[in-house]
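K.L.:
Residues per chain, in single letters:
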Amino acid sequence: MTGGGVTGGGVKVWVLHLALLAVLFSAQFWLSPYHATNLVRIMVLAVFAMGYNLAFGYTGLLSLGHALLLAAGMYAAGLPAQLWGWSAGPAFIAGVAGGGLMAAAVGLLALRTAGVSFMIVTLMFAQAGFLTLLYFAPITGGDDGFALANASRRIFGFDLSADTPRFLAAFVIFALGLLASLALVRSPFGRSMVAMRENEERSRMLGYNPFMVKLAALACSGLYAGAAGAAYALLFGYAGASFATIQYSILPMLYVLLGGAGTTLGPFLGALVMFALIEAASGLTSAYFFLVGAALVALVLFAPKGILGTIRERWVRWLP
Amino acid sequence: MAFGPFLLLALMEGLVTSATLALAAAGLSLVFGVMRVVNVAHGEFYMLGAVLAWAVAALVPGPPALAFLAALVVAPLLVGALAAAADGLILKRLNYDPEATIVATIGLLYMIQQATLSLYGPNANPVQAPFDWRIQLPWFGYSGYKLFVILAAGLVLLALWAFMTRTKAGLIMRATQVDRTTARAFGINVDRVYMGTFALGAGLAALAGVLIVPIQQAHYLMGGDPLLLSFIVVIIGGLGSLRGTLIAALVIGLSDGVISMFFTPTLAKILATLLVAMVLVFRPHGLFGAKA
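Respectively, the protein sequence lines represent chains Y and V.
Residues in the first sequence are numbered from 1 upward in steps of one, following my numbering.
Residues in the second sequence are numbered from 321 upward in steps of one, following my numbering.
Chain Y with its partners taken away, still in its complex shape:
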């Protein structure tokens, strides 16, 4: 079983995760404001990628439509804030719920298919969602999107448009997401998710209902995507249809493949490394998507298990 580290390790695993969180928390004190803002972006996108990892890395559901879930969270948080002046707390909760509900709705239909058909169906749903955002441009702002009023970007009296509260908010969401995903994949339910990936027929014979397990996993994935979309809208004060395009379905897949599918820290590592790569290459070329494409091809060819997947296989067996 490739998820060999899912259960072992115990204390070491929690120490590793808490140590990473401690380093990230301290980063706000020693990073320049520019890099700290980038780190906020990375943490938010890593939450999105962690959700993708729950579906793809652990449950084996290769979706090409996660942009729809991100956008669902973004607009479920952004529109009430924009239209009815909701503050950041309720708007964020609406965003998380929006992502989860959208994932459940998509899953009810799309999970009747598997493999390549599942990929195409999710892609089609996401495309329909993107076009719907364009169609209702008078409300959604279409391609241009809309900026959130600063009044809506306040939580417990803190202004989320200022650097420190923004960093802390992103950190809290990221930390909760990471620890929840660690607890989830080490729980019995997490192991039944892995069972779907490894051998769906056998787990059906053991008495699991594959459809329900996959639907629940996809809904969890949607909660993460919704949280990331809502966080992006509230922290950066902007919602737009560009977040529903196919690029935002590909990016979490890239992060997860790069960091290591089916590892808890892989999504964050993948997002971090990809940001660093693009930053380093921006001096050489403006063709940012060329790098994305080349990375995808190189990964499936030479390192299908990603960075942490390879490390786990060779050296650190207990890595979750």
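Calculated directly from the structure, the hints in this document are not laboratory data.
Hints are supplied without guarantee of correctness; some may be wrong.
As the list claims (entries may be wrong) - Restraint ranges, calculated between C-beta atoms of paired labels, are given here: (1) V:L331 - Y:A280: 49 to 57 Å; (2) Y:M212 - V:Q537: 28 to 36 Å; (3) Y:V15 - V:T502: 21 to 29 Å; (4) Y:M205 - V:Q537: 53 to 61 Å; (5) V:R563 - Y:R112: 36 to 44 Å; (6) Y:M212 - V:G474: 43 to 51 Å; (7) V:T501 - Y:D144: 48 to 56 Å; (8) V:A385 - Y:E279: 45 to 53 Å.
These numbers were taken from a predicted model, which means no experiment stands behind them.
Idealized CB from N, CA, C, for every residue including glycine.
Given the coordinates of chain Y, assemble chain V onto it according to the supplied hints.
P.N.:
Leaving out everything else, chain V in the frame of chain Y:
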């Protein structure tokens, strides 16, 4: 203009869409049928055909008809060669695993798109039609070139059908499609069949790109719409079935022509995409495909 002629115009525009769509979708369907590979970069091969047609037209001196004829030959060959290289360097090494090849062709899509942007630029460039006859109908004049596109696509599809059913190479491809292992046991070089199929599929998309470029301009992002429409056509027609693909291309192209004359194109696209997703969910073998 009265309703009747207006509808006729919409249907003729739809027929042009159907023609190029049928070519591109036939390529996608062929690749999926024989190799079981979903080629997400297919739309980029279409775009490359159009951009190369522009390049050839700029390089070849003399009358536009000569340059266009050269483009019709050169562009599909070059794109086919690129596809063959991609097959040998990437897809073959992945053992044509369905999910890994989708990720790889997504990567290919981004690389081709960005390379074109860097080399060709962000502008849309026109290519002159090889001739500019107009056919004068009682109600409106119609471009003779558009009728030529319909005719040419029809001829190419006929040739493809004859190739698949009447030649030895076609027989070998069909044998590989039915059972790759048995085909190999009978001494068929499956690797070469796959490379040829991928090149042929890409060449068909490129040909569609060359044919459309005097009507639409060549632009580095033009591959997105045909990719989505080809997917729709191939799914409705039944994955891997050429006859189904042709029927579906006619239906989709004509209804696209009519709907976009009377309704906003965005709404039409939303409904079409949702409809196709539903077909995949409830009729996984397409409306015309046989049960696997």
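K.L.:
Next step is simple, just say for each hint if it's right about the structure.
P.N.:
Right, here's what the structure says about each hint:
no.: 1; hint: V:L331 - Y:A280: 49 to 57 Å; verdict: holds, 54 Å
no.: 2; hint: Y:M212 - V:Q537: 28 to 36 Å; verdict: violated, 51 Å
no.: 3; hint: Y:V15 - V:T502: 21 to 29 Å; verdict: violated, 56 Å
no.: 4; hint: Y:M205 - V:Q537: 53 to 61 Å; verdict: holds, 58 Å
no.: 5; hint: V:R563 - Y:R112: 36 to 44 Å; verdict: violated, 27 Å
no.: 6; hint: Y:M212 - V:G474: 43 to 51 Å; verdict: holds, 50 Å
no.: 7; hint: V:T501 - Y:D144: 48 to 56 Å; verdict: holds, 54 Å
no.: 8; hint: V:A385 - Y:E279: 45 to 53 Å; verdict: holds, 50 Å
Hints 2, 3, 5 from the list above are not met by this structure, while the remaining hints are.
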